[in-house]
Amino acid sequence: DDSGYLYISGRLKDLIITGGFNVYPREVEDVLSRHSGVRDVAVVGFPSDHWGEEVVAFVVADGVSEKELSEVCAKDLVGYKRPKRILFLDSIPKNSMGKTLYRDLKAELS
1 DDSGYLYISG
11 RLKDLIITGG
21 FNVYPREVED
31 VLSRHSGVRD
41 VAVVGFPSDH
51 WGEEVVAFVV
61 ADGVSEKELS
71 EVCAKDLVGY
81 KRPKRILFLD
91 SIPKNSMGKT
101 LYRDLKAELS
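Under my numbering, the letters of the sequence shown match residues 1 to 110, in that order.
Do not take every clue at face value.
Computed cross-link-like contacts, DSS-like style, restricted to lysine-lysine with a CA-CA straight-line distance of at most 30 angstroms [claimed, not checked]:
(1) Lys99 to Lys84
(2) Lys67 to Lys99
(3) Lys75 to Lys106
FYI, nobody ran anything at the bench for these hints, they're computed from the structure. Note that the structure is a prediction, hence the values are computed from the model and not measured.
Turn these sequences into a full structure, and let the hints steer you where they fit.
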């Protein structure tokens, strides 16, 4: 700002707490990314009255169904780490450096 202070904005944490369990979005993203039809993926936590936060996956994919991705997650992730919702997008929003804009994805859920 004008006084010379630097303010950091963005994610305060890279952790989703769902039903009292810790979920690292990167772990879920890695599992989904292993499917050959997935081109890009981003996982966020979204407020939930029941879970505290729920795991939501945004996926850019070619010829892949939600059912297929749910099966991949069921095979490789314990129940609380599995996305409650899998949403398909044409592209994941990125900044000029190519970093995923997670807050924009969360805003799409609101």
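- Could you check the structure against the hints above and give me the numbers of any it violates, in ascending order? The structure conflicts with no hint, since it agrees with every one listed earlier.
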